[in-house]
Amino acid sequence: MADPLMIFDILLALSIVALATASLSVRDQFTMIVLFIIFGLLSALAWVRLSAPDVALAEAAIGTGVTGALLLKTLHHLRFVSGSRNRQPMTGVAPLPPVPLGVTLANAAFCGLITLGLAAGFLGAPAAGPGFDMLVAEAMPTSGVAHPVTGVLLNFRAYDTLMEVVVLLAAVVAVWQIERGLSEAPAPVMGVVWQGFARLALPAIVVVGTYLLWGGAEAPGGAFQGGAVLAAMGLLLLLTRAYVPQPGHRGIARWAFVLGTGVFALVALLVAGGGRVAFEYPLEHAKTLILLIEGMVTISIAVTLAALFHGREPVALTTGGRHDT
Amino acid sequence: MAEVIAAVLMTAGTVFFIAGTVGLLRFPDIYCRLHALTKADGLGLALIALGTALLAGSAGAVFRIALIWFFVAVASATCSHLVARHARQTGTEVQHG
Amino acid sequence: MMDAPLLPLFILLTSLLAAPVLFSLPERAARLRTGINLGMAGLKVALVAWLSLKVSQGVIYDLRFELLPGLEFKLQADPLAILFIALSAVLWLITTIYSVGYLEHGPHRARFFGFFSLCVAATVGIALSGNLFTFLLFYELLTLATYPLVIHRGTAEALRAGRIYLIYTLAGGLVLLLGTLGLWVLAGTTDFVPGGVLAYVVAVNPLAAQLLFVVLIGALGVKAALFPFHVWLPIAMVAPAPVSALLHAVAVVKAGAFGIMRVVYEVFGIETAQALGVTAPLAVLAGVTIIYGSLKAITQDDIKKRLAYSTVSQVSYITLGVALASPLAAVGALAHLIHQGLMKITMFMVAGNLAEGLGVKRVSQMDGVGRAMPGSMLAFTLAALGMIGLPPLAGFVSKWYLAQGGLEAGQAWVIELLLGSSLLNAIYFMPMLHRAWFRDAAPETTGAPGRPRIGWMLAVPPAATAALVLIAGGFANAPFSPLEWTRFIVAIEYQE
Amino acid sequence: MSVDLSPITLAIFVPLFGAIMAFLLPRAASVIGLATLALTTGAVIWLARAVLTGGAVVLPLGGWGAPLGIDLRADGLSVAMLGLTCAVGFLVSVAALDSLKGAQQARQRQYFWPLWLLLLTGMNGVYLGTDIFNLYVMIEVIALAAVGLTVLSGSRAAVQAGLEYMYASILGALLFLMGVGFIYLQLGRLDFAGLTGAEPTGALIAALALMFVGLALKTALFPLHFWLPAAHANATAPASALLSGLVVKAALYIVLRLAQYMPFPSETLLTLVGLMGAGAVIWGGIQALRAERLKLLVAWSTVAQIGLIFVAFARAGEVGLPESWKAAALLILAHGIAKAAMFLAAGRIKDEIGHDVIRDLDRSPIRPTLAQFTFALAAISLIGLPPSLGFIGKWSLMEGAMAAGYWHWVAVTMAGTLMSVAYFSRVFAGFLRFDRVRAPVGEHQGWALADAAPLTLALAAIGLGLLAAPILGFIEIGYPFGVAP
Amino acid sequence: MTPDLIYGLTGIAVFGIGLVGALCALDRLRRVLALKLCSVGAGFLLVVGAWRAPPGVPDPVPHALVITGIVVMVSATAVALALIRRLQTLEAEDER
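Same order as they appear, the protein sequences are chains A, B, C, D and E. Read in my numbering, the first sequence has 56 at position 53, and its numbers run on one by one without any break. Read in my numbering, the second sequence has 819 at position 70, and its numbers run on one by one without any break. Read in my numbering, the third sequence has 147 at position 66, and its numbers run on one by one without any break. Read in my numbering, the fourth sequence has 162 at position 139, and its numbers run on one by one without any break. Read in my numbering, the fifth sequence has 19 at position 15, and its numbers run on one by one without any break.
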């Protein structure tokens with residue numbers, strides 16, 4: 004009975020739930036974000052336990068790493084804006100109209116009911132569900148790659164993946180259009196030790212990112228994980244002020260954003276013909292094409308994630324002002 | 750033989766981790782906590798890495814483990830430095846008592 | 082060109098296509114606008130004449146276009162339709178002339194004449210509808226086209242009246258939609274067929290049929306100003322005089338009355354309706370409306386309001402004639418559709434002339450106006466006497482047949498009702514005539530004698546319609562007179 | 024290497040490449056945008072011809088075929104939705120050319136086109152998709168682009184509304200994703216065809232409920248409509264037209280499809296859907312009656328109309344569902360066209376008069392006659408007066424309800440119609456009243472390019488009612504899904 | 005008590021917690037975070053669905069879906085956070 008792994012699972016599950024609750028109920032927003040990051044890493048661990056290393060990598064790098072960085076950046080911005088002008092250093096945002104406790108409780112009870120219903124539904128579902136296992140196993144030899152998850156992402160369901168890159172593109176277009184004008188909070192000054200660390204880490208990150216991308220064909224990893232790691236490099240560059248986006252860089256940034264989407268879509272369209280449909284790579288070129296797509300998508304993901312972190316479009320600050328339409 | 754040594758090293762590492770965690774929970778202020786964490790966990794990590802390296806099958810794996818150890822050590826040192834620096838700049842008091 | 086199956090469509094298009102052209106004309110292109118208006122109106126009269134000739138020769142016009150599976154847009158030209166479009170075509174021509182004169186310098190003329198055309202198009206469509214569904218389409222179009230006319234002056238009062246008008250008529254339209262749907266679901270068709278389409282339903286589910294009757298008549302009763310749905314009519318009097326004239330004589334009120342005819346004769350069928358026991362209550366309701374409208378008319382001082390209540394009363398003659406379920410009464414009802422139109426349009430145009438020429442808007446101001454505007458008041462007098470039912474004027478003919486029909490149906494109370502109503506008509510019209518001709522004029526209404534106070538475009542139309550009142554009564558038995566045509570229709574509806 | 028292009032892929036990829044080009048070349052964005060719209064419309068027409076002659080078209084992307092791969096499928100309904108999107112989108116784009124032409128709007132213009140073309144990519148993807156996870160990704164594409172369009176003006180009210188919209192959109196999408204998870208747990212596949220004939224187990228009901236609630240949130244079905252009025256009222260006119268006319272339809276369409284492949288397990292649930300719709304009709308009507316600004320009124324009318332579409336959906340209960348979806352589809356088409364026209368017209372009126380406070384519309388000496396006329400025509404279709412497409416939709420709704428004896432839905436429809444008359448007549452009164460104007464009234468102001476597009480849309484909303492029979496015939500092509508080979 | 009059961013319920017619990025947060029949270033940042041929790045919960049469900057008892061190999065398709073979901077979510081989060089930053093800036097300007 005006392006299977007140590009099971010005890011580990013239960014403890015992990017309990018800490019995940021506890022951290023989720025804690026991060027939502029803790030008062031201080033900084034603590035909230037830190038708790039969330041821990042939550043994310045533990046979730047990734049749980050997914051490793053469920054034999055999903057790719058997902059765990061993606062969650063750790065993107066779901067937790069990039070999201071955490073975005074949240075922290077926003078918190079910094081909020082505290083800067085409200086701290087310097089509104090004298091509300093700790094809340095960070097203007098208080099919303101208070102919700103009556105009764106409503107909150109009713110909502111919570113409602114959500115609780117939904118959750119119970121979902122749990123009931125989950126328990127009623129088939130234990131070892133049917134799936135795509137057989138289909139994937141049959142199709143893998145003709146997919147051009149050896150790692151099943153990469154096969155699904157870039158071949159079987161490549162259309163999904165293309166649209167996912169489109170979502171990223173839409174996000175960066177939307178973010179550039181939303182944030183404008185006024186200067187943001189200045190990056191915090193972090194000192195010499197940090198600069199040294201960054202200098203040391205940068206080349207290592209490039210190696211790791213490329214490795215993840217390259218290894219993705221046979222082993223866990225791939226464009227998204229690699230792109231996220233490379234994006235971390237961008238974050239470091241931005242945070243150390245080693246790179247400051249200039250208005251003149253917008254053109255090249257645009258090209259970098261659309262590179263992955265454009266190449267992916269073009270390849271998908273151009274392989275059609277001779278009895279093949281869109282996304283149907285010729286078998287002999289499949290591996291090459293997939294690697295090409297992955298490479299371009301990785302670049303786009305890295306640049307896009309870094310741009311999402313940076314936020315506003317780099318425009319000359321003289322055009323600042325709220326009515327800068 | 751290698752397994753036994755690895756097990757001993759990893760157990761020792763875990764003990765250091767536990768010690769560091771106890772320190773994190775028990776020490777009065779942020780500076781003391783950082784002290785406990787960086788010292789104890791750094792050693793704990795080194796021991797565990799060593800233990801895993803003994804069990805690793807290939808030289809490549811050992812190299813990677815060493816790399817991981819190196820970067821985690823550097824990153825955690827940098828992080829601790831940043832936390833302490835931030836605490837000092839925002840004026841967090843040292844607790845005496 | 083001798084055989085033109087699309088003739089009804091052309092008649093519809095003469096005014097439907099005129100509308101967008103008129104809308105897009107600039108405000109100052111008055112001559113062009115008048116030319117188009119009169120040209121189209123004249124063309125329509127000619128086409129209608131041709132159509133009626135064809136129909137009297139037995140040609141059948143039937144145009145269909147499928148809108149939804151089984152549900153058709155259908156135009157048909159039967160004698161009943163001819164009766165109504167003939168009325169609308171002739172009166173459109175006359176009213177157009179009058180409107181051009183009336184609005185000579187007013188604002189928004191492009192809009193006015195555009196909607197005016199649309200309104201006539203809707204009336205023609207109502208007349209030509211071959212099924213209740215098509216009828217519904219044009220019925221709603223009529224509402225939409227008349228709303229801007231009612232609020233044409235753009236004042237707060239006009240807008241209030243417009244809102245009441247819109248709410249009443251659109252609610253009525255909605256109920257009519259419900260009724261049409263009900264008919265579609267119950268009978269599987271909405272076609273107008275002499276003898277009706279509901280005989281089977283009545284046999285199987287009389288309650289549903291009765292309900293349907295109530296819904297349909299209620300919906301149509303709103304436009305026909307049947308008590309208690311008449312409220313909007315006097316309020317809508319804020320509209321310019323030609324609009325009121327058109328609303329009362331041809332378009333809105335008559336559309337309701339015409340719809341009641343179609344429903345009773347060709348949806349239910351007169352025999353089925355009688356068997357269902359719904360005609361007697363309708364007759365009683367019509368009787369109540371007749372008396373109520375007349376009583377209210379007596380108490381009104383505003384000329385147009387008095388005329389409006391008079392319309393409430395007079396239009397119910399038509400309903401009464403339909404509901405009495407006797408061929409003779411039907412002849413009376415159909416003839417009254419025409420005769421009332423002629424008489425009422427005359428009176429409204431004269432009322433407009435009084436307001437334009439003398440600033441007279443109230444009955445109490447009418448002293449001596451006969452001497453100031455003898456031509457107009459003569460026309461008014463003819464129409465009023467006709468309304469009262471003086472032989473040989475048009476009103477007498479229809480009342481005569483109604484009374485005969487009442488006897489034929491064994492409903493003697495109808496005679497008393499008609500006598501009473503005529504008495505009431507006299508009570509509210511006679512003082513107007515008396516003041517106009519036999520009282521001395523108030524100082525502000527007498528001006529320099531001899532100089533015409535209004536242009537010919539205002540003076541001629543009422544004179545023409547008054548002449549028609551005289552002719553329709555005096556030559557009632559001539560071929561192609563309304564009465565003769567009416568007999569032709571009744572023969573079809575009663576399937577004799 | 025010869026490239027063999029299918030109109031299905033083109034309908035998705037042309038707007039995608041257009042978006043990329045418009046983003047790369049901001050100066051030429053308008054030209055690229057219009058050209059893209061024209062090309063996409065061409066692709067849709069090509070596709071429509073293919074569907075007309077050969078029935079439903081299926082394209083297994085990557086050659087794998089469902090369930091492993093993803094199929095794109097075009098049948099009558101999806102092509103009708105594509106046609107709606109492209110036609111309305113094209114005309115809105117033409118109007119946008121004019122309304123975004125000022126130097127003040129340089130920045131708006133630069134971002135409008137890429138966002139709108141991405142939105143188009145997402146919507147076309149939804150209408151052609153047959154894989155529920157793919158639909159999740161597509162609705163996220165739509166959501167991000169739509170939020171970007173909502174906040175295009177950059178005003179505080181717009182950003183506030185956009186944030187609320189974003190929360191609602193993300194939550195809706197996540198509920199949908201959770202539903203996808205449950206469907207995978209139960210069935211092990213994610214294509215529509217796999218759903219047909221599935222047993223209604225607990226997990227499947229949970230999935231259905233989650234997906235429905237998520238989509239209801241996205242399409243703003245009462246009581247989950249809270250985000251819509253502010254978002255649609257504060258966006259710039261072309262964006263409002265796209266959001267209200269087209270975007271909410273994508274989620275509605277998915278509901279239609281889900282109901283088609285996975286029949287509702289119970290009459291009760293369908294009644295619940297109808298009741299939510301009825302609530303929307305009533306509440307949207309009340310709020311529209313109370314709205315102080317023109318665009319807010321129009322936005323609330325969208326809430327009411329969405330409700331009506333769900334009433335149409337529930338009009339004849341479980342048994343009537345195989346027919347009811349057609350009434351809903353007709354109403355979707357009618358609302359899409361008319362609402363786009365109305366928002367564009369409202370935007371024109373606001374531009375010309377300088378404000379859109381309903382009470383003070385009649386104080387203005389400026390009367391943008393054509394825009395007002397367009398607004399009135401669009402209102403005719405939205406109220407459901409003949410012979411508009413809205414009328415035909417309402418007719419089929421009431422006909423089905425009446426034939427099935429569901430009188431309460433007839434009553435709701437009639438109440439909604441009356442309320443729409445009441446709230447639109449508030450606006451007409453503002454257009455047609457003249458005695459509060461001090462200065463001489465100027466009419467026929469501004470025969471702008473921006474007037475032509477909404478007028479065309481409004482006339483189409485009315486005129487298409489006459490073509491209802493062929494439209495109905497067209498959307499039935501290739502239905503139902505499960506039967507097609 | 006197999007891992008799929010444990011973590012499946014964990015996922016549903018996390019989803020529920022996120023749902024409460026999304027509906028009740030008072031500050032904007034927390035609502036974004038709550039939504040992110042919901043997405044992790046949904047990810048758990050799919051990963052659990054892909055899991056096969058030890059000798060078996062997990063189904064790769066849901067893994068790919070979750071990776072897609074994670075990327076989509078980070079995009080949505082970035083946009084929501086940009087809106088929050090922008091809104092805060094505008095509010096601060098209004099109050100100034």
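Since the hints were made in silico from the structure, they are not lab data. Bear in mind the structure is a predicted one, so any value in this text is a computation, not a measurement. Among the hints, a few may not be true.
[To be verified] Simulated coverage check for chain E against chain D, where a stretch passes if three residues somewhere in it have a Cβ under 8 Å from a Cβ of chain D:
no.	segment
1	28-34
2	37-50
3	62-73
Quick reminder that beta carbons are idealized off the backbone N, C-alpha and C, glycines included.
Structure-based check of each hint:
1. As drawn, the segment 28-34 of chain E meets chain D at 1 residues by the rule of a beta-carbon pair under 8 Å; below three, the given contact is violated.
2. Three residues within the 8 Å Cβ limit are the bar, and the segment 37-50 of chain E against chain D gives 7, so the coverage statement holds.
3. Given as covered by chain D, the segment 62-73 of chain E passes the check, having 5 residues with a CB less than 8 Å from a CB of that chain where 3 are the minimum.
In summary, the one numbered hint that this structure violates is 1.
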